[in-house]
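Visitor: Sequence:
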Amino acid sequence: MTAEQLSEPASTCLWIYPWTGEAVGPHQHYQERSAMAFQSNVISSQPQVTVTQYTVSSARSEWNSNVCDCCDDCGICLCATFIPCILGCKVAQDNGDSCCVPCLPGAMIALRTSIRSRYQIEGSVCDDWVVMACLPLCGLCQMAREQKIRQ
1 MTAEQLSEPA
11 STCLWIYPWT
21 GEAVGPHQHY
31 QERSAMAFQS
41 NVISSQPQVT
51 VTQYTVSSAR
61 SEWNSNVCDC
71 CDDCGICLCA
81 TFIPCILGCK
91 VAQDNGDSCC
101 VPCLPGAMIA
111 LRTSIRSRYQ
121 IEGSVCDDWV
131 VMACLPLCGL
141 CQMAREQKIR
151 Q
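Read in order, the letters of the sequence shown correspond to residues 1 to 151 in this note's numbering.
Possibly wrong hints are sitting among the right ones.
Under the rule of at most 20 Å between Cα atoms (straight-line distance), these lysine to aspartate or glutamate pairs were calculated in the DMTMM-like manner [claimed, not checked]:
id : residue 1 : residue 2
1  : K90       : D72
2  : K148      : D94
3  : K148      : D72
4  : K90       : E122
5  : K90       : D73
The hints are simulated quantities; they were obtained by calculation from the structure and are not laboratory data.
The task is simple: from the sequences and hints, build the whole structure.
Guide: Right, here's the structure in full:
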């Protein structure tokens with residue numbers, strides 16, 4: 001280093017603001033920072049609350065046909081009587097489930113509960129259990145008729 005470089009004042013060190021690209025000396029930087037610290041922001045209005053309302057329909061409906069109304073649709077009734085596995089697979093697939101669901105023990109109760117929930121039909125899991133335990137083919141027919149009407 002030369003003597004001139006050593007005698008050069010240290011004030012040539014500059015601060016560069018990355019957001020503006022402006023270069024300032026160290027004393028100017030301190031003065032701006034301290035001036036910014038004492039500035040007060042005047043709030044002219046209060047923050048507003050935004051409310052979004054959603055309406056959720058909780059209206060429950062009934063089954064479109066009774067459990068014992070098997071003769072309302074003779075095709076479904078005959079299918080349930082002679083080939084209940086095929087009708088069970090169709091009902092499960094129409095509900096978006098696997099065709100193998102009717103083969104699992106207790107799965108028809110879950111399938112009936114799922115259909116009841118999907119179509120917002122009144123009832124309970126206990127009701128589903130009673131129908132599928134006591135009248136499984138009639139319950140299967142009722143589910144198939146409900147899907148046929150609502151699709």
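Visitor: Next step is simple, just say for each hint if it's right about the structure.
Guide: Tested hints:
Simply put, K90 and D72 have alpha-carbon atoms about 18 Å apart, close enough for the 20 Å limit, and the pair holds. A distance of roughly 9 Å separates the Cα atoms of K148 and D94; the hinted pair therefore holds under the 20 Å criterion. Under the criterion of a C-alpha separation no larger than 20 Å, the hint pairing K148 with D72 is consistent with the structure, at around 12 Å. For the given pair, K90 sits about 23 Å from E122 by alpha-carbon distance, which is inconsistent with the 20 Å threshold.
For a cut-off of 20 Å, the pair hint linking K90 to D73 stands: about 16 Å separates their Cα positions.
When each numbered hint is compared with the structure, a violation occurs for hint 4 only.
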